[in-house]
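Novice: Taken in sequence, the protein lines are chains W and B. So the first sequence is numbered by my numbering: it starts at 3 and just counts up by one. So the second sequence is numbered by my numbering: it starts at 5 and just counts up by one.
Hints in this document: simulated from the structure, not taken from any laboratory. Accuracy of the hints is not assured; some may be wrong.
Stated by the list, open to error - Per label pair, the in silico range of CB-to-CB distance:
hint, chain 1, residue 1, chain 2, residue 2, range
1, W, Glu156, B, Tyr35, 35 to 45 Å
2, W, Ala111, B, Glu30, 36 to 46 Å
3, B, Gln49, W, Gln90, 40 to 50 Å
4, W, Glu156, B, Ala24, 26 to 36 Å
5, W, Lys107, B, Ile124, 26 to 36 Å
6, B, Lys70, W, Gln90, 23 to 33 Å
7, W, Gln131, B, Glu115, 51 to 61 Å
8, B, Glu115, W, Thr129, 53 to 63 Å
9, W, Glu69, B, Val22, 49 to 59 Å
10, B, Lys70, W, Gln131, 24 to 34 Å
11, W, Glu14, B, Glu115, 47 to 57 Å
12, W, Ala152, B, Glu92, 39 to 49 Å
The beta-carbon is built from N, C-alpha and C at its ideal position, and this holds for glycine as well.
Spelled out from the first residue to the last, the chains are:
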Amino acid sequence: MKLEKISNIKKERLDKQNYTMSLLNEGLRAGVITEQEFYHVLAQLMQLTAEQTAKYTRGESSSVPIETASSIALSVMYCADAFCLSKQDPETCLQDLCHTLDCYKIGVALIQEQISQSRERYRYLKTIQLQTKNTAYGETIREIDSFFTAYDLEYHAEDIPVAIDYPLLEDISFEKGSSYIIHYIDALITETELCNRFHKDKIETLLESYGEQYELRPEDLLINISELILTNAVFGMILGREADEFLMTHSDKTELSEVLKILSQEEIEARLSDAAAAMERALDIVSSAEKNIIKHIKDGILQSVSQTGIEQTINKLMTISNNCIFDIG
Amino acid sequence: MADHFLIAMQELQNEREVTALTSLNEDTIDYRLTLTHTQIREIIQHKNETLKNLGRVEIGSSVVNKIITAFCDSSYINQREYAQILNELTETFFLYKNETMDRISDDDLIEIMKEGYEGICGGSIELLQGKVLEALVQRIKFGFEEEESDDEEMEDKPDEA
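Excised from the complex, chain W in its bound form (with noise of 0.2 Å):
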């Protein structure tokens, strides 16, 4: 009778940051793989590690300082995590790497091709750029086309060689190297894919008005563009208004209060949650990606609702236009 292999393999212990390393200790803990072939794919990334560092050397030195020595390393298991997290079935993928020599090859091919495919998105991106007069936006879209003759896969993988200065809603910190880049452009489309459905000029009237509050001009706001629409537009909807009216003013903020105030915290989520409906429906949204960032803006009133009360929620968050009679025609 032939036994068959149980996997015990939990995914929720493999770190997706660390993923190489994490998926030979689960595989070893679980018996998935043996300790002689735990040590045989180490001794692997070893001899990997070892002649990237010969070729970074030109085969001059054995030894290097250990920042040099410590990137070396972290961008080959960069690579190698690539390959690995290509793979759907970690016992598969923990079978390619005991039998297999070129994880680190396939691994470099495959962020190549995510990278060229990243490039292509990036110009995309120029095409669909919001013609804002904020530095930190423009420059930063400015910045990565750098990324992409300036990143090194081969030793310093882990690096992001640019200045990335515009925040997006999402955080993304944990992200390194090439993967941060990827994940921050293909949010930065989908952010700027939502901002495009507003009136340019009004949103350039929010950005002043919010600079007008902290007396700095819209250049030089550090925040992010589709958060401040997004959140104003959100309030709008409580309101009644239309999704593009995004634009609030002193009435709007007290009629706000007046009409929240009475409610309860269900109530308000309630109150929310058809907002953020009616304007996915308003503003045609069907993707995940920008459902989610309606959603991320909800669950961020609510929470502030919740922690600080109606009041303060408004304070903060609500963006107030003293001089926003608009005539888009």
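Model the placement of chain B on the given structure of chain W, informed by the hints.
Specialist: Below, chain B alone, put in the same frame as chain W:
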């Protein structure tokens, strides 16, 4: 993560180095020099401590192996002091890899060390460091500037030239 990986690599490398240095005894016995298993372990441990103290990592081939091969025919090394001298030479080697900012290859540094040790230093590692290797550091760090200032001096004194 890199630290754990490098430590694991170091452990694997240590085992390989023990084997490599043990087999090197077959060559050095011709010069009446051998290392016991305990001495080999101690030399590797000393090297690892030196690397750690100097903020370096050795990956791939062992430099102790190269030092033994280069110095085993030295007239200043005998069996009694062999292990101790190897430790001092290894320490000196890594110290001056740092001091020369990695601008000199392993083979060239070992060649300079051997030449100095056998020559003007007469088997003194203290002199090797103080004279030969310090001069090497000066040449590497300031050589270009010295040449430049020499040129300037020449330009300032055209009549003397």
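Novice: Assuming the hint says 40 to 50 Å, is it satisfied by the Cβ distance from Gln49(B) to Gln90(W) or not?
Specialist: For Gln49(B) and Gln90(W) the Cβ distance comes to about 44 Å; the hint holds.
Novice: Using the beta carbons of Glu14(W) and Glu115(B), state whether their distance is inside 47 to 57 Å or not.
Specialist: holds (55 Å)
Novice: Using the C-beta atoms of Lys70(B) and Gln131(W), is the stated range 24 to 34 Å upheld?
Specialist: violated (56 Å)
Novice: Honestly, do Glu115(B) and Thr129(W) meet the 53 to 63 Å range at C-beta?
Specialist: Roughly 59 Å apart at Cβ, these two residues keep to the hinted range, so it holds.
Novice: When you take the CB atoms of Gln131(W) and Glu115(B), is the distance between them in 51 to 61 Å?
Specialist: 58 Å Cβ-Cβ, so the 51 to 61 Å window holds.
Novice: Note whether the CB distance of Ala111(W) and Glu30(B) lies within 36 to 46 Å or breaks it.
Specialist: holds (44 Å)
Novice: Mind checking the hinted window 26 to 36 Å against the Cβ distance between Glu156(W) and Ala24(B)?
Specialist: Check passed, 28 Å falls within 26 to 36 Å.
Novice: Honestly, do Ala152(W) and Glu92(B) meet the 39 to 49 Å range at C-beta?
Specialist: holds (43 Å)
Novice: Holds or violated: the 23 to 33 Å window for the beta-carbon distance between Lys70(B) and Gln90(W)?
Specialist: Cβ of Lys70(B) to Cβ of Gln90(W): about 46 Å, so the range 23 to 33 Å is violated.
Novice: Lying within 26 to 36 Å: is that true of the beta-carbon distance Lys107(W) to Ile124(B)?
Specialist: violated (49 Å)
Novice: Between Glu156(W) and Tyr35(B), is the Cβ distance one that fits in 35 to 45 Å?
Specialist: holds (41 Å)
Novice: I want to verify a distance hint. Is the separation of the beta carbons of Glu69(W) and Val22(B) within 49 to 59 Å?
Specialist: Since the Cβ atoms of Glu69(W) and Val22(B) sit about 28 Å apart, the hinted range of 49 to 59 Å is violated.
Checked against the numbered hints above, the structure violates hints 5, 6, 9, 10; every other hint is satisfied.
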